[in-house]
Structure formats: structure tokens, C-alpha cells
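Enquirer: Below, each chain spelled out in residue letters.
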Amino acid sequence: MKSPSRRTLLRWIGALAPAIGVAAAWEEAGQTAPAPDALDANQRNAAVFGLGAWLARNGITSEALDRQHGEAFRATGDLRASFDQDPLVEVDGFLLPVGFCRHCLAAYRDGGLT
Amino acid sequence: MLIDFNDAPDGAAFNADICIVGAGAAGITLAMELIPTGKRILLIEGGGLKFSDESQSLYRMPRDRWYWDPVRSRLRFFGGSTNHWEGSCRTFDPIDFETRSWVPDSGWPISYHDLEPYYDRAFPYIEVGARFPDERMLLGDLNPYQKKLVAGGFQARLGYHSPPTRFGKRYIEDLDVSNITILTRANLMSINESADRQSVNSLTICNYKQQKATVTAKYYVVALGGIENARALLLSDSVTPGGIGNERGLVGRYFMDHPVIEGAVFYPTADFVRAWKTGVIEYQSKTHPLSLEASDDLLRRNQLTNARMPLDWASKSYTSLGIESVHQIEKALSTGRELHEVLTHLSNVMGDADLIFEQWRRNHGFSPWIARADEYGGFVMSIMMEQRPDRDNRIVLTNDRDALGLRKGRIAWRLPQSEKDDFKRLLGLFAKGMGAQGLGVVRSSLSEDDMNRRFEELINFGHHHMGTTRASADPKRGVVDPDQRIHGRANIYIAGSSVFPTGSHVPPTTTIVAMTIRLADHLKKRLA
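Sequence lines, in order, name chains P and E. The numbering of the first sequence is this note's numbering, which starts it at 6 and goes up by one. The numbering of the second sequence is this note's numbering, which starts it at 59 and goes up by one.
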């Protein structure tokens, strides 16, 4: 799989996270990101799977997260809650929460959201 | 009266009620405040009315590798460094004056509330008009986000902007009154103490022809800036070994600046971008820059020093991963360093090929062609941090001599690992706060290599020199007392940011002026 561009990454993150529109990912600042509800299953699956692949390519694995943070921070697709409660992982500079990263890694491992 | 000391006859002597050494923001403010007393004020400036190499070169001094040469950051002529001041001004925060258990050697001998009335009087000097009673009214567009920011541990704050006031030009005519004498091109050589170390008897000054003169006054105020104030005391060691006020070895120590690092890109929601606009609010013809700041609560809970983060609107070119990859590829090719993630870099380059092409065109003088390059691409965050007071950051004397024959100073400066860690922790807290509130995501611009090995190379400075003659009620902990008088001396005071025990994240000029007005009130009482 081809490495995603930063814009693609931001689109995926923005599309998956309620209210995190991440304006930079869209062509104009005024253009609002699609709400997660507006995503169909395929789009959601592609975004989570893509992020999981990107995390793995950057050396982030479930095992590595276990070693660094223990198993306390469970996988969650709720990015805002994960930001609130979990420690952060730095991936290519992006500061993302552990639970959300686990969620994406699991989807990548399983070939998509189950 | 204006006297060019370079043209004065041999054997000249000067006498005044108050002698102020240094005509920068502090010295000029003090002279202005003392005009109504009718007392004879002598204002001494080492440079002339305009810039000259002979004066400016006296600022040249050795310093640690990472620190900037003061000859580039300060100006040595009438008006001092306000002659190139950028104009950013604001009051310090109340927390800046507190003794914070997690900041060793913190704590001012006065509180924010003690200084607040003097801030009100300082604002007209720096020509920003009256302080706003409530800045919230100007943050109307941001109000929907202010609550979220606060919940995330941060807040939007307004800055004030001076025109900027060039104190020399602005006030020289006001100082043309009968009780003020301005002596230019008069360099302080020594402060001459009495044998019992209780007071100062005189100053020795020198012009650029090596002619000397003696100055006597009832009170002396040294206002030469954060580096030179300490150096002047260290050089005056004929009675007190180590220099005036240096019985406990504190003079020159605790040197602080404001490290600034462009550390991250913030990608917020489109609505937030619209509310933030360009990060500037216009009000009654005044420009007020916006910045994000950590809340007191977040600072206390996480034991951090104060910090602010202006969000600078950045174009897609500026934040382009493809352009960044081009730089890294170029660097790898020129240095022979191994390039990791080659496929990712190539992918970035392909994804941003249009931006890279446009950047190349503009670098070669072609006019803008691809509009997308100028579109919004995120906010660049330059973080300005409060530096913890550190005894080992200091001004010391060397054995090299300047053109006047005085020992040069040297700046010893370092940024301990703990402060780099603070930066990283602050960025993490910002990312968590913004993510949890649904306001956006953060990408650090600094790699592990940058954090561990290149951090100092990447730092910029506010060029705000502070702390070298710190104030404390306790003579064991400070050079000057809460009235800015050197401990144990009856008639010598220090003015300027060298008396700040801690430096906040805020540019110091507003607080320098406020503290100087407070000093003027004290001197008025003594003169009465």
C-alpha cells in the first residue's frame, strides 16, 4: 500500500473524529469536513484501515504500545475521549492517543473493521 | 540641556540630585517621571543621539555557542533598544509574581496587584492607549471556542502593540526642560563606593577621546539593560571585592531570556479558523495580536513555567510535507546522511508536486502562479517560554578589554534538559486538550533528533535580557531590595529587567516601564 500524504492522513483523522474537521485537509478553509455519520461503512473502513497501516509502517504496533504504556488504555474509536484519557504517541510528528491508535491497528490487523 | 560629552573640555565635572545612567526605556521613563519634582536630573547615555559603530561595538562580547551576540540584539544610543523594538507589549500575569514550588528561585518581592496601578501609568508611555477593562468583549468571534479552549487548559488572549514607541525620538523634546541635563557619549567607567560600602560617592565617566570626568549626585540609578547593569556592578570592585552588591555572588547570575521555538503545526476545525481570522483584532485603530496561552490551572497541575503560543496562519506551501521531504532529501544527499522512509518521502513529493514546482518558481523570482500554494494550510505554533531562573546562566567578566579599556563581559547560557522536557510536555498537553475538545490535531515539527541533539540550534530568542540583578527582600537571595535599591547601599538603585526574579513569557518593556514608574514614586518620596 502506498504511503499516504499528509493531506490524506488529515482527511482520515478528520473524517473519523466528531468535530475535528481539520480544515487544512480540505481545499478551502471554509469547506467543512464530512461528519462521521455521513461516512458510509466503506469510507470509514478505508480510513481506519489506512491509519492502521500508516501507524504500523511508522513502527507503532500493539506490542510496542503495550511495552510503552502497558495494557491500561484500551482500543477505542472515540478519538475525543481517547485524547482526553490516554497518553499520546508521536507518529511522524502527529500526537495521537494510544487507545485510538490501538483501534486503527486492530482494524489493520483484522483486514478492516469487524 | 543637551551636552555631547565628546566635546566637553578636560576636567569637566557634573553634579545633580539624581543621576540616571542609561537612556533606554527605563532611564527615559524615570527622567520623565522626575521632571515635576524640579530636582536636577542628569541623564547619561553612552552612545550619541544616533547610531554609531564606535558605541555599538562596545556591546560585542563572547558568549556561549547558542546565545546571540548582543551587538545584534541591542542598540547603544539614545533611546536604547527601543530604537528597534518590535512593539509587542502586555502585562505579566499574576502567577508570574508568585513563588511557585516547581520553579526554584521564583517569587517576586511584590505582587501583580502591587504593580497594577503602575501598569495603568505605563501604557501611555508606550502609546497603546488605556488598558482594556475587559478583553473578552474583543474576543466575540472566539467566544464559542473560548469555553472549549478553557476546558482544554488553554485560553485566547489579546496582546497590545506599541506603534512602537522609540523612546529617544518620542521623548527628547519633553526632556528639554530646565531641570534635565542629557549627557551623551558618556560611558560609565566605574561606580565609586565609600570605604564603608554604605553608599556611592561618585561615578567616573569617559568619552570616546578617553577623557574622563566625575559625576556626583544624591542618588544614582543604573539603567543600562540586563547585561550591562550586571557588568557595571561587577566592574566596580575597588572597594567591594567582586563588585558592588556582589557580597553573595549573585550579581550577573540568573540571566534569562525568552526562548522561542517553532515547534508544531496545529490543524484546527474550519469554524475555528474563521473565528481566529488572521490572529489580529483591530480596535480603535490599534492592532491586537491573539495568542493561545496555558491557563493558570494547567500550569499549576502540571508544574510548568508560563508560555504562550501565537498561532501564525501558514500557507499550504509552508506546511507542505512534500517540500519538507525535498529539504530532507537534499540534506541527505549533501551530507551523506542515511535517508529513512524513502518511499514516504517520494510519496510526499508526488502528492505535493504542484507546491514544490510553485516554490521553485517563486525562489527563482517568478510571480505567483498556483493559488493553492497560498491557501490556508494550518497554524504554525511558535512557543515562547518562560525560562526557569538558573544560577549558572550568568554574565561574567573576562580578561579581554573593550575599546574603553574595561573588561568585557561573557554570557554563559544553557537550556537544561528539564526545560526541553517542559516544552514537549506543554505541546502534549495542548494536543490532548485540543483533541479532547474536538478543536483539532497537532503535529510536532521537531524530530527526536531535533529534541535530543539540535534543540539549541533551533531556538530563537526574544532578546529580552533579564534577572542579573534580581530583586528580593532577602539580601541572601537578591541584589536589590523591593524598591530596587542595592542591598546595603543607601543611594544606588537598579532599573530595568535585570531586577526581574522571573521573566514570564511576556516581552518585558511594559513591565520595565511600570517598575520604573514605581521606582520614580519611591525616589520622589525620598527627595521630598
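The hints are simulated quantities; they were obtained by calculation from the structure and are not laboratory data. Glycine included, every Cβ here is placed at the ideal spot set by N, Cα and C. A portion of the hints provided could be inaccurate.
[As the list claims (entries may be wrong)] In silico contact screen, one side only, chain P against chain E (beta carbon under 10 Å); selected entries:
id	residue
1	R72
2	F78
3	A86
4	G98
5	L101
6	L118
Enquirer: With reference to the structure, classify each hint as holding or not holding.
Expert: Here is how each hint holds up against the structure:
1. R72: Hint violated; R72/P Cβ to chain E Cβ min 17 Å, cut 10 Å.
2. F78: 13 Å, violated
3. A86: Hint on A86/P: holds, closest Cβ of chain E at ~8 Å, below 10 Å.
4. G98: 4 Å, holds
5. L101: 8 Å, holds
6. L118: Interface hint status for L118/P: violated (21 Å vs cutoff 10 Å).
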